Every structure is written in C-alpha cells, then in structure tokens.
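Given the sequences, and given the hints that come with them, work out the whole structure.
The lines below spell out each chain.
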Amino acid sequence: MTNPASLLYQDPATLPAEDVMKRAKRFVKNPERLALGRPLKVALLSSFLTDYLADTLVFMLARRGFAARLWRAPYGAIATAVLDQGGPLEDFAPDMVLLLPSHRDLIHVPPPGGDAADAARAEAAAWTMLWDRLAVPVVQLSFDPPGQRPLGELDGSVPGGLLDHVRRTNRLLASQAPQQVALVDAEWLAARVGLERWHDHRLYTMCKQPFSFDVVPVLAAALAAAAAGLLGLGRKCLVLDLDNTLWGGEIGDLGLAGITLGTETAEGEAFVTFQRYVKALAQRGVVLAVCSKNLDAIARTPFESHGGMVLKLDDIACFMANFDDKAGNIRAIARTLNLGLESLVFCDDNPVERAWVREQLPEVLVVEMPDEPASYVRALDDCAAFPLHRLTEEDLGRAKSYQARARVAERLEAGADMDSFLASLNPRMTVEPVGAGSLDRIVQILAKTNQFKLNPTLFSAEEISARSVDVLALRFSDRLQDYGIVAVAVTHVDGDCLHIDNWVMSCRVFSRRLEFQTRLLLAQMAGARGCVGLSLDYMPSPKNSLIADLLPQLGFAPAGSRWVAPITAPQSMPISHILISEA
Amino acid sequence: MTNDDILSRLTDVFRDVFDDEAIILTRETTADDIEEWDSLNQIKLILACEKAYGIKLRPRDINTLANVGEMVDHLATIIAR
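So the protein lines, in turn, are chains U and Z.
Counting from 1 along the first sequence, just add 37 to a position and that's the residue number in our numbering.
Counting from 1 along the second sequence, just add 22 to a position and that's the residue number in our numbering.
What the hints contain is simulated information worked out from the structure, not anything from laboratory work.
Watch out, some of these pointers could steer you wrong.
[Said to hold, decoys possible] Result set (SDA-like, lysine to any residue): computed pairs, CA atoms no more than 20 Å apart in a straight line:
(1) Z:78 / U:239
(2) U:273 / U:286
(3) U:59 / Z:40
(4) U:59 / Z:70
(5) U:59 / Z:64
(6) U:485 / U:566
(7) U:580 / U:368
(8) U:59 / Z:63
(9) U:316 / Z:44
(10) Z:73 / U:55
(11) U:245 / Z:63
(12) U:66 / Z:78
(13) U:62 / Z:60
(14) U:59 / Z:62
(15) U:59 / Z:67
(16) U:59 / Z:61
(17) Z:73 / U:243
(18) U:59 / Z:78
(19) U:66 / Z:73
[As the list claims (entries may be wrong)] Label-pair distances were calculated between CB atoms; the ranges are:
(20) U:125 / Z:33: 32 to 42 Å
(21) U:104 / Z:76: 37 to 47 Å
(22) U:412 / Z:78: 56 to 66 Å
All values reported here derive from a predicted model rather than from experimental measurement.
C-beta atoms are modelled at their ideal positions from N, C-alpha and C, and glycine is treated no differently.
Below, the structure written as structure tokens:
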C-alpha cells in the first residue's frame with residue numbers, strides 16, 4: 038500500500054493543476070487509500086463554490102497524514118452554519134473547521150478618510166466570535182487582496198482603500214488568533230500564484246469559484262499544511278546530504294579549496310543561499326542533521342574551516358558521515374534524536390539516494406531536489422514541511438535541546454554509569470504556574486505530543502486557564518540547557534482519587550527519568566487534596582505503547598477501564614536525581 | 023479542421039475531463055449518456071475546449087446545445103471565424 042505522503046513529491050504549484058486534480062479525484066474514489074492516516078472530520082465553510090476544491094483538499098490532507106472525511110455547508114453561509122444550534126454542522130461534530138471567506142465578505146470597509154482602525158476591529162470581531170462558537174481547531178484563509186483598486190496606488194495605504202482594509206483586518210485577525218486557530222496567508226498565496234490567476238472573474242460569474250483552476254492545488258496544499266501544523270503533524274527535522282547539496286563538488290576528491298561555495302561565483306552563491314535558508318529554519322526550531330557518504334573527519338572540515346559556510350557544526354544536532362546505506366543512517370538519526378521517521382525531511386541532490394530512501398523509508402518526506410542549485414530553496418520551501426502556526430520559546434530553543442539530547446545519547450551509548458551520569462547533568466525541575474507566559478506552550482505540548490501521552494483527550498486554552506490549579510506544568514533544565522516546559526498533567530479530584538485526565542511529556546527529555554519525578558509530584562498533589570490514590574485512563578495507540586511498559590513501574594495496575602495506583606510510589610522506582618525548585 | 027477532426031479532438035477533451043479512456047463520442051451523444059456530465063463538469067468542458075482549440079466560448083451558447091453534434095458544429099463556426 039502506498040503511503041499517502043509519498044504520492045506526490047513535487048510541489049503542487051509546479052505541476053499542471055488538471056493533473057493534480059485528476060490524481061486527487063482518483064485518490065478519493067479509492068476507499069482503501071482514503072482510510073490511511075489519522076481520521077479527521079473536516080467541515081468546510083466558504084463564501085464561494087468549493088466543489089472543485091473538495092477532492093484536492095482531501096488528497097492534500099492525506100499527504101499530510103490525515104484520513105479526512107469532508108462535510109461542506111452550502112457556500113455563502115459561513116456565519117449561519119456556525120450559529121445554527123442543533124444544525125447540520127453540530128450533527129457532523131467536526132474535529133476541525135476550515136473557514137474560507139474572501140474580500141467580498143468584508144462589510145465594514147470605511148469611507149475614504151474614515152476610521153480604518155475601528156473598521157478593522159469591527160470586521161475582526163465577527164470572526165473571533167465565530168472562532169469562540171466553534172470551540173474546535175480552525176484553519177481560516179485570511180482575506181485575499183482584491184483584483185482592482187479604485188483608489189489606485191493609495192488603495193493599500195489609506196483609510197477607505199479596500200486593500201488597506203484587507204491588510205489591517207488580516208493583521209488584526211493574526212494578532213487575535215487563539216491557540217486553536219491557524220490562519221493561511223491569502224495575501225502571500227495570491228502573490229505567489231499571481232493576481233491574474235488568483236482572480237478569475239469569468240469563472241466566478243459562471244459558478245461562483247472566484248479563482249482559476251491553477252489555484253486549486255496551491256490553496257488545498259496550503260490549507261492542509263496549516264492543518265498539519267495546527268494538529269501536530271508537522272515535521273521536525275531536516276536531514277541534509279553534503280556534497281552537491283550544501284556545496285558544489287565532492288569534498289573527499291576536491292578538498293577544502295576545490296569545492297564550490299561562496300558568493301564569489303554564481304554557483305557558489307546558490308549554495309550559500311540554500312544554507313542561509315536552512316539556517317533560518319534552524320533558528321525557528323527545525324532540527325538539522327547530516328547524512329553523507331564521506332569520511333567523518335573530511336566531511337566536517339568545511340564546517341570547521343571554509344569561509345563560505347553559513348552552517349556550523351553547532352547547528353547540526355546529529356552528524357552521520359560514513360559509507361553505510363543512507364536509509365540505515367537516517368534510521369539511526371531518528372533513533373538518536375528520538376524522533377519518528379514521519380518527523381523527518383531528507384534533502385539530497387542524488388536521485389538514486391532519494392529513490393532508495395523513498396522506497397526504504399516511505400514515512401520520510403524526500404524533497405524532489407531540482408538539478409539547478411539556485412532552485413533548492415524554492416523546492417524545500419514549497420514543501421511547507423515544517424508548518425508553524427505559533428512561535429513559542431520552545432520552538433526557538435528546540436535545536437539546542439536536540440543537540441544536547443544527541444550528546445546525552447552518545448554518552449549513554451558509551452556505557453557510562455547511568456545514575457552518576459544523570460546526576461552529573463544537574464537536572465532541575467520547576468513547577469510552572471499556568472498563566473500568560475505558559476498557556477500557549479501547555480496547550481501546544483498537550484496537542485502535539487504523540488508518544489508519551491495517555492489518551493487523545495485535548496484541552497482548549499480556556500479549559501486549561503479555568504482548571505489552572507489542577508494542571509501540573511513542569512519546566513526542565515540541566516547544565517547543558519533549559520528545555521522549557523516539557524511535561525504537563527491535567528487532573529481533577531474524582532472520589533478519593535486524583536484522576537489524571539491526560540499526561541504528556543516531550544520526547545526530547547525521554548530517558549531523563551522525569552516521569553518518575555512527575556509521579557512523585559502528582560502524589561503530592563493528591564495528598565494535598567485529601568486523596569488516597571491516583572487514577573488515569575490509558576488508551577493504547579500505535580504511538581504511545583511506551584506508556585504500557587511504564588505504568589507498572591510507576592505503581593499503576595489496571596482496575597476496570599482505568600489504571601489506579603496508591604499514593605506511595607513503588608520501592609523499585611528509580612531515583613531521578615532531579616532537583617525540584619519553586620518557580 | 024474538418025468536423026471529423028473536431029469530433030476526434032473533442033473525444034480527447036472528454037476523456038481527459040472525465041478521466042475515462044473508454045468514452046466514445048458520436049454526434050448523437052448527450053449529457054444523459056455520460057454519468058458525470060453535470061453543470062460543474064460542463065464548465066470544465068468549456069474551459070478545456072477553449073484550451074484545446076485555442077478559442078474563446080460563451081457559456082450560454084454552449085448550454086443551449088442539444089448534443090455533441092451541435093457542439094461540433096458550433097465549435098466549427100467559432101474556429102472558422
């Protein structure tokens with residue numbers, strides 16, 4: 038069975054739209070393929086016709102790992118569909134709602150010279166109200182730029198211009214979007230495909246689809262990427278080949294002076310540009326790894342001493358240079374960083390290596406690298422493999438923490454005595470109060486974690502705020518770095534037990550014994566509330582099987598549909614060596 | 023371009039739009055003969071014809087045609103212009 042992620046490697050914008058739509062239609066007709074991936078009920082509410090978009094949307098969602106079931110409201114009825122209590126949208130009970138308005142829906146455009154800020158506030162308020170009502174994750178297309186400008190060059194910059202109103206409203210919506218809402222930037226999408234294609238006035242009069250067919254794959258891909266980012270299916274790590282990917286030529290044959298890299302030559306500049314882009318990804322939290330067929334010491338020399346290199350060894354969390362098979366090396370990278378293969382993206386100029394990795398590791402996204410190095414950035418950027426809808430402190434510190442993790446993994450494999458090694462890292466844990474500074478991250482880690490997670494229960498930011506005293510959020514640091522908030526448990530008192538509704542922990546801190554220390558803190562919480570035990574609901578999934586092995590170690594035993602434990606932890610539980618400090 | 027040439031190319035257009043290589047058009051074929059020939063696919067057909075013959079069509083002219091034969095004749099007059 039073909040993995041949906043591998044169905045289409047090329048960016049949809051570079052393929053004829055008819056071909057993509059045809060493939061999508063065939064895909065949707067095949068129920069077996071449709072059943073692959075994480076089930077997702079999607080409601081699509083739009084102010085224009087989406088009949089041509091629907092199949093391609095389902096197809097693009099499948100490429101992102103979702104088995105989507107789509108329900109569509111009649112177009113032009115976004116607000117009514119949302120506000121209709123007991124109506125068909127409620128019956129459908131979507132897991133996610135897609136909102137696709139257009140600039141035609143803007144109703145508060147001020148007169149020339151009017152109060153533009155006030156108008157934008159009124160416009161945004163209608164949509165934030167809908168987000169509140171929906172109370173499920175929302176992906177919304179922002180307002181698109183209109184195709185005409187009655188105010189000419191001033192249309193985008195003075196009160197009364199429709200383009201000015203579009204821009205102001207979009208900015209405001211973006212700043213007001215809560216954790217569960219992701220916006221897709223229509224201004225950028227329209228610029229990318231060109232306004233000539235974004236607006237198809239003839240098609241709009243014929244069937245109320247406002248854009249040309251060329252837009253369908255691009256829009257569907259952007260919506261699916263945003264959904265993946267919002268629901269935690271974005272990828273996390275970029276694995277890079279070296280020769281002819283980061284620089285021109287073979288370092289092993291040509292040596293430091295012989296490789297093509299640097300702004301002095303056209304080709305050398307292309308590689309610099311690609312490295313700058315990769316560096317920018319790293320700075321926003323994408324983890325970098327190297328997978329190259331080279332001698333390790335030689336592969337490292339450009340990083341250490343070539344003036345044209347933008348990337349440094351410090352940027353690389355895991356460096357694999359040897360002559361082994363690349364699929365095996367990529368597996369080892371995933372193991373070292375404790376990431377699933379579905380979190381990886383692989384860039385290699387060599388089509389044979391790409392084909393091999395695709396065949397061996399269909400979960401890995403293998404970028405279809407063009408022959409021309411100057412187009413590398415576009416190829417990687419077009420994949421939108423690392424969708425981001427919120428930039429948290431953890432995103433910014435993630436690359437560092439994976440580097441630290443790789444170092445810890447190396448030393449653990451070197452066979453050091455575990456207890457003294459862990460203690461030597463000076464691990465510290467802080468109970469983090471739920472508040473403005475931590476709320477986004479708490480909701481994010483609950484949504485994004487897949488491996489260390491008891492069950493699929495999700496929590497909105499509102500619910501976490503309301504239950505803040507019963508939420509245990511833990512920050513972890515050691516002498517290598519501060520990992521941020523890496524573990525969260527949401528609890529409530531149920532009879533004489535403290536019930537753990539859900540408990541998640543970031544895979545970056547696995548094997549640091551945080552789970553044991555967290556268990557002790559939960560027991561303290563239980564004791565303070567007069568409880569005599571702990572209980573939880575564990576629902577096994579293909580990803581969270583490690584919980585099954587862990588629960589008995591924490592003293593939990595099955596009791597009916599639940600798992601329960603006495604407050605006192607088992608004698609056999611390992612000592613964590615983690616120091617607890619107050620926030 | 024003869025009417026036979028137009029019909030032959032139109033068959034390719036239909037096969038492409040409906041993603042069905044088994045489609046065989048005659049002058050007598052109507053929308054009832056092709057299961058997925060609805061108003062949405064009609065629009066796709068119009069746009070695909072414009073591309074295939076390098077012409078511009080008026081949707082309301084096409085929508086009044088009774089069968090493929092009339093469509094071929096209509097295309098012939100537009101192409102001849």
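| message | What's the verdict on residue 78 (chain Z) and residue 239 (chain U), does the C-alpha distance respect the 20 Å limit or exceed it? | response | The given pair, whose Cα atoms are some 12 Å apart, holds under the 20 Å limit.
| Are residue 59 (chain U) and residue 61 (chain Z) close enough, with their CA atoms no more than 20 Å apart? | Satisfied, since the Cα-Cα distance of roughly 18 Å is no more than 20 Å.
| Straight-line alpha-carbon gap residue 66 (chain U) to residue 78 (chain Z), limit 20 Å | Roughly 32 Å between the alpha carbons, so the hint for residue 66 (chain U) and residue 78 (chain Z) is violated.
| Can the suggested window of 56 to 66 Å be confirmed for the beta-carbon pair residue 412 (chain U) and residue 78 (chain Z)? | violated, 35 Å
| message | Need the status of pair residue 73 (chain Z), residue 55 (chain U): alpha-carbon distance at most 20 Å? | response | holds, 12 Å
| field | Given hint residue 286 (chain U) paired with residue 273 (chain U) - CA-CA distance at most 20 Å | value | Violated - the C-alpha atoms of residue 286 (chain U) and residue 273 (chain U) are around 28 Å apart, more than 20 Å.
| said: Hint check: residue 66 (chain U) vs residue 73 (chain Z), CA-CA at most 20 Å. Holds or violated? | reply: Roughly 27 Å between the alpha carbons, so the hint for residue 66 (chain U) and residue 73 (chain Z) is violated.
| Quick one, are residue 59 (chain U) and residue 62 (chain Z) close enough, alpha carbons at most 20 Å? | holds, 15 Å
| field | Satisfaction of hint between residue 67 (chain Z) and residue 59 (chain U), Cα-Cα up to 20 Å | value | holds, 14 Å
| CB-CB spacing for residue 76 (chain Z) and residue 104 (chain U) relative to the 37 to 47 Å hint | holds, 42 Å
| query | Taking the CB of residue 125 (chain U) and the CB of residue 33 (chain Z), does the distance hold inside 32 to 42 Å? | reply | holds, 41 Å
| task | Would you mind confirming whether the straight-line C-alpha gap from residue 245 (chain U) to residue 63 (chain Z) stays at or under 20 Å? | result | holds, 14 Å
In summary, the numbered hints that this structure violates are 2, 6, 9, 12, 18, 19 and 22.
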